[in-house]
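**Student:** Going by numbering that gives the first Met the number 0, the sequence shown opens with residue 0, and the numbers climb by one from there.
Check each hint, because a few of them may be wrong.
What the hints assert, rightly or not - Pairwise CB distance ranges (calculated):
1) K101 - L123: 38 to 46 Å
2) R121 - G61: 37 to 45 Å
3) T41 - G103: 22 to 30 Å
4) G13 - T38: 14 to 22 Å
5) S95 - T38: 18 to 26 Å
6) R125 - S95: 35 to 43 Å
7) G44 - R121: 31 to 39 Å
8) N92 - E58: 15 to 23 Å
9) E58 - F37: 26 to 34 Å
10) R108 - I22: 28 to 36 Å
If you're looking for bench data, these hints aren't it; they were derived computationally from the structure.
Built from N, CA and C at the ideal position, the CB exists for glycine as well.
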Amino acid sequence: MEATAARIRRHGFGRRRYFETLICRRGRTPIGLALYYFTYSTFLGRPTLYLEDLFVLPEARGNGAGRALLRALATIAVRRGCGRMEWTVLDWNTPSIRFYRKLGATLRREWILTRLAGAPLRRLARL
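Sequences are here, hints too, so could you generate the full structure?
**Tutor:** In structure tokens, the structure reads:
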């Protein structure tokens with residue numbers, strides 16, 4: 000794993016911020032988080048709120064924390080003029096897929112996630 004606490008702190012809370020976070024708490028105890036950032040849709044001509052990570056502690060699941068985080072994100076998206084929210088989910092994560100569908104989300108199977116990382120990324124950067 001490449002992530003470190005220092006790197007995440009710098010990228011999320013430093014001079015140049017790459018993401019924003021929401022923390023869900025039960026009382027004073029953190030039980031979940033949403034990490035998100037904004038992209039731009041040339042199809043819509045509007046920003047998109049992209050949810051990178053949604054996590055709720057296993058023992059806190061099923062009590063509305065995930066729904067509360069997604070509702071808060073939807074509110075942010077609407078207030079900032081976004082045309083949509085997007086995120087990915089692993090195809091084997093059926094509980095999450097059911098949850099997202101219950102909220103009204105659609106799965107877009109016609110889009111293929113494309114990734115360039117490691118040596119291929121560095122090789123292309125030399126061009």
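**Student:** So, for every hint listed, does it hold in this structure?
**Tutor:** Hints and how they fare:
1. Checked against the given bound of 38 to 46 Å, the beta carbons of K101 and L123, roughly 40 Å apart, stay inside it.
2. The supplied range of 37 to 45 Å is met by R121 and G61, whose beta-carbon atoms lie about 43 Å from each other.
3. Range check, T41 to G103: about 24 Å between beta-carbon atoms, so the 22 to 30 Å window is met.
4. G13 and T38 have their C-beta atoms about 20 Å apart, which keeps the hinted 14 to 22 Å range intact.
5. In this structure the supplied range 18 to 26 Å holds for S95 paired with T38, their Cβ-Cβ distance being about 21 Å.
6. The beta-carbon spacing between R125 and S95, approximately 38 Å, falls within the hinted interval of 35 to 43 Å.
7. In this structure the supplied range 31 to 39 Å holds for G44 paired with R121, their Cβ-Cβ distance being about 34 Å.
8. Against the hinted window of 15 to 23 Å, the Cβ-Cβ separation of N92 and E58 comes to about 18 Å, which satisfies the hint.
9. Checked against the hint of 26 to 34 Å, the C-beta distance between E58 and F37 comes to roughly 32 Å, which is consistent with it.
10. A hinted range of 28 to 36 Å holds for the C-beta pair R108 and I22, which are about 32 Å apart.
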